[in-house]
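Number of protein chains: 2
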Amino acid sequence: MLGLFNRTGMRFMGTKQSFHKSDLTFQERPNLKPKPAADHQYTFGGLSTDYMLEINYDVHNGGWQRPLIKANEPFELDPANATLHYSIECFEGLKAYITHDDRTMLFRPDKNFERMNSSHRQLGFPEFNPKEMTECLKELIKIEKEWIPRRPMHSLYVRPTSICMDDRLSLSKVEKMKTFIILSPVGPYYPRGFVPVKLYCDTNTVRAWPQGFGDKKIGGNYGPTLRTSRMGNLKFGTDQVLWLLHDWVTEAGTMNFFVFWKNEEGEDELITPPLDGTILPGVTRDSILTLTKELRQFKVSTRPFKIQELMKACTEKRVYEAFGAGTAAIVSPVQSFVYDNVTYEIPVDKEKGAGKLTQRILQMMLDLQDGKTNRPEWQFYV
Amino acid sequence: MLGLFNRTGMRFMGTKQSFHKSDLTFQERPNLKPKPAADHQYTFGGLSTDYMLEINYDVHNGGWQRPLIKANEPFELDPANATLHYSIECFEGLKAYITHDDRTMLFRPDKNFERMNSSHRQLGFPEFNPKEMTECLKELIKIEKEWIPRRPMHSLYVRPTSICMDDRLSLSKVEKMKTFIILSPVGPYYPRGFVPVKLYCDTNTVRAWPQGFGDKKIGGNYGPTLRTSRMGNLKFGTDQVLWLLHDWVTEAGTMNFFVFWKNEEGEDELITPPLDGTILPGVTRDSILTLTKELRQFKVSTRPFKIQELMKACTEKRVYEAFGAGTAAIVSPVQSFVYDNVTYEIPVDKEKGAGKLTQRILQMMLDLQDGKTNRPEWQFYV
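Taken in sequence, the protein lines are chains W and Y.
Heads up: the first sequence is residues 35 to 416, going by my numbering.
Heads up: the second sequence is residues 35 to 416, going by my numbering.
Pulled out of the complex, with its shape left as it was, chain W reads as follows (with noise of 0.2 angstroms):
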């Protein structure tokens, strides 16, 4: 059996180590969607483009299947489908822009899909050449560049999933699956301005662990959050939950969480919980970090702290602000958080509805992606 797996035991020797953009077709739906008006108010994934990006993988016929463009419709799935009862699937999130000067670009496409490989290795999904995988993207993106919407923060938003397509009744290991790529053109996830959110920490719930997966983007750990969010919202009317594992911070809803504020020692200092393996490894988590340091005008840290260090905080008002950080919203200004019944509030500017550092984070990312600063290594243009 061994000699059969490679070092990792999660490629098939003998199949294709990877699907090739050089293998793509293209099939083309008869007809296609009307586009919204100029002026469409777009929800958050409410609509869904012409085309996606699908390939099969099969064990007993080669592994990885040529990838395909094809209209994006609905699945035949058995009711045994193994995905529905074992979560056997994963999922990213990114985004296209059409920039100032009228470009297409995908930010930082390679970090999402190095990520969806360890969710791969999790789930015993094959691995994929992350590059091959972006190529076939950028395919996928000249087809429905006409879904951008050709306004100020907006942008087609980007959802890479695998799921395992076995039809089985036990957990066993995975022989087919699939990995497909859908679009969805989306406004600024803020339409009228910065509406920072709530928070509840629930003592009683852990999100993730260490030695657990919780730095994996995998499904389960998200479905089995939706009790504890919801307990918050009817308790307290808060929007997210902030996760303690124990009483260290974690994350914030399915956001990473920074914390602008004056530690003890008296310094500025933007922090961030480290990725210890509870932590998403977040690609906008990341960006925010390395544009923070170039400032050098505060500490930037990544570094464990404790929920009674941030009310101690916000007691003594040392905490300039809070935000979460993620591909949707880029930036979700914190207004308060709930603790054992105690509300804190963190400063919020009243009229933008966030703080100076986060408005400035912000307004960097959107430059970024409007193509107006250049940073070749997170810009891909397609």
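If you're looking for bench data, these hints aren't it; they were derived computationally from the structure.
Please note: incorrect hints may appear among the correct ones.
Pairs count within a copy or across copies, as identical chains cannot be separated in the list.
[As the list claims (entries may be wrong)] Below are the DSS-like pairs computed for lysine-lysine, each with C-alpha atoms no more than 25 angstroms apart in a straight line:
id: 1; residue 1: K176; residue 2: K333
id: 2; residue 1: K172; residue 2: K406
id: 3; residue 1: K210; residue 2: K269
id: 4; residue 1: K55; residue 2: K340
id: 5; residue 1: K69; residue 2: K346
id: 6; residue 1: K172; residue 2: K386
id: 7; residue 1: K232; residue 2: K207
id: 8; residue 1: K207; residue 2: K269
id: 9; residue 1: K327; residue 2: K55
id: 10; residue 1: K232; residue 2: K296
id: 11; residue 1: K212; residue 2: K340
id: 12; residue 1: K55; residue 2: K212
id: 13; residue 1: K145; residue 2: K346
id: 14; residue 1: K351; residue 2: K67
id: 15; residue 1: K340; residue 2: K351
id: 16; residue 1: K333; residue 2: K390
id: 17; residue 1: K340; residue 2: K296
id: 18; residue 1: K386; residue 2: K176
id: 19; residue 1: K172; residue 2: K67
id: 20; residue 1: K232; residue 2: K212
id: 21; residue 1: K384; residue 2: K104
id: 22; residue 1: K55; residue 2: K145
id: 23; residue 1: K104; residue 2: K340
Based on the hints, put chain Y in the right spot on chain W.
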């Protein structure tokens, strides 16, 4: 908002609190599949019967809809279906039997549907009345009775499943979902006698965590474990993982784990970890604890124990036998486990492939499921 929800925040007022068997409708399919031959060799989950039970829920359309028995056929799922991305899904497993006196019986379905409600709460799904679900299932079993093989140790595996039916690219509360039950005729788990399994202890991965959701039968507890079971198989040829939480023994593969040993105090003891939130409250586990306590022949304990205790007991030849417990196999004897590259052997009767207590427990369970032993509170005749 608050007034719309009850104390647990999980049921919607003004919508139906449960579906009801009295609303059940039957949609006949035009053609039935051919039934397997009398000597058919069943593989677990390899066949599905003609019909399934399906109950839809829509918060914007009165909540629970009428239960429907209809053809078991593929679903159409949009690529943006939230179950495929966020693992908003749970399942159950139980069996229907033809007894020695030709009656049809479900074994403890009430326990499964109570546990399913606890999974529903975790996922923000609406709850239902377990009695109504059991009555609907009975109707399905009546229609499909001819699919239950009339042969020793054969049964009809019953797989209830709930999935989210919202199409959305962001994680938010469930508005539409579907509960369904499919059936699959199965033979004995070990058709040619017990095949004892080898277990792999990985000190680098943790399946479930205190204050997590390891006690729920939700998809997210299964897919992410595939990496570790594959690692063990490739490195050591093991069949399943013996999951540890740091040093504490928790579960074996997808089964509860029992050890029968002479403990450090010199007592004969059957031991399994307690329901501390990291352990699935198995129905077979519960049945075995009840039956063995009634024997009054040895101590029966639910208390935490460490892998080092088990290693020491193995070395000192104090382990009589060990087994996994679950619906599919009932009991699954363990012949060894690997910890830190060392293999620890567990005694197994060479001829039978299992220890005496394991064999005895299997027989007690088979007698109950065959109706030879009466225990009315566990035996639900259809």
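Here is what the structure says about each hint:
1. K176 with K333: So K176 and K333 fail the 25 angstroms test inside a copy (41 angstroms) and across (69 angstroms) alike.
2. K172 with K406: Only inside one copy: K172 and K406 sit 21 angstroms apart there, 66 angstroms across copies, limit 25 angstroms.
3. K210 with K269: For K210 and K269, the Cα distance is within 25 angstroms only across copies (23 angstroms; inside one copy 43 angstroms).
4. K55 with K340: neither (46 angstroms within a copy, 51 angstroms between copies)
5. K69 with K346: Neither: 51 angstroms inside a chain and 69 angstroms across chains, both beyond 25 angstroms.
6. K172 with K386: Neither. Shortest intra-copy (36 angstroms) and inter-copy (60 angstroms) distances fail the 25 angstroms Cα cut-off.
7. K232 with K207: Answer is between; shortest inter-copy Cα gap is 17 angstroms, intra-copy 41 angstroms.
8. K207 with K269: Answer is between; shortest inter-copy Cα gap is 15 angstroms, intra-copy 42 angstroms.
9. K327 with K55: Intra 36 angstroms, inter 63 angstroms, cutoff 25 angstroms: neither.
10. K232 with K296: within (21 angstroms within a copy, 55 angstroms between copies)
11. K212 with K340: Neither: 40 angstroms inside a copy, 40 angstroms across copies.
12. K55 with K212: within (16 angstroms within a copy, 38 angstroms between copies)
13. K145 with K346: neither (36 angstroms within a copy, 46 angstroms between copies)
14. K351 with K67: neither (53 angstroms within a copy, 71 angstroms between copies)
15. K340 with K351: Result: close within a single copy only, 17 angstroms intra versus 46 angstroms inter.
16. K333 with K390: within (16 angstroms within a copy, 66 angstroms between copies)
17. K340 with K296: For K340 and K296, the Cα distance is within 25 angstroms only inside one copy (15 angstroms; across copies 44 angstroms).
18. K386 with K176: neither (36 angstroms within a copy, 64 angstroms between copies)
19. K172 with K67: within (21 angstroms within a copy, 45 angstroms between copies)
20. K232 with K212: neither (37 angstroms within a copy, 31 angstroms between copies)
21. K384 with K104: neither (47 angstroms within a copy, 56 angstroms between copies)
22. K55 with K145: Within. Shortest intra-copy distance 18 angstroms satisfies the 25 angstroms Cα cut-off; inter-copy 51 angstroms does not.
23. K104 with K340: Close neither inside one copy (48 angstroms) nor across copies (53 angstroms); limit 25 angstroms.
In terms of the numbered hints stated before, the structure departs from hints 1, 4, 5, 6, 9, 11, 13, 14, 18, 20, 21, 23, listed from lowest to highest.
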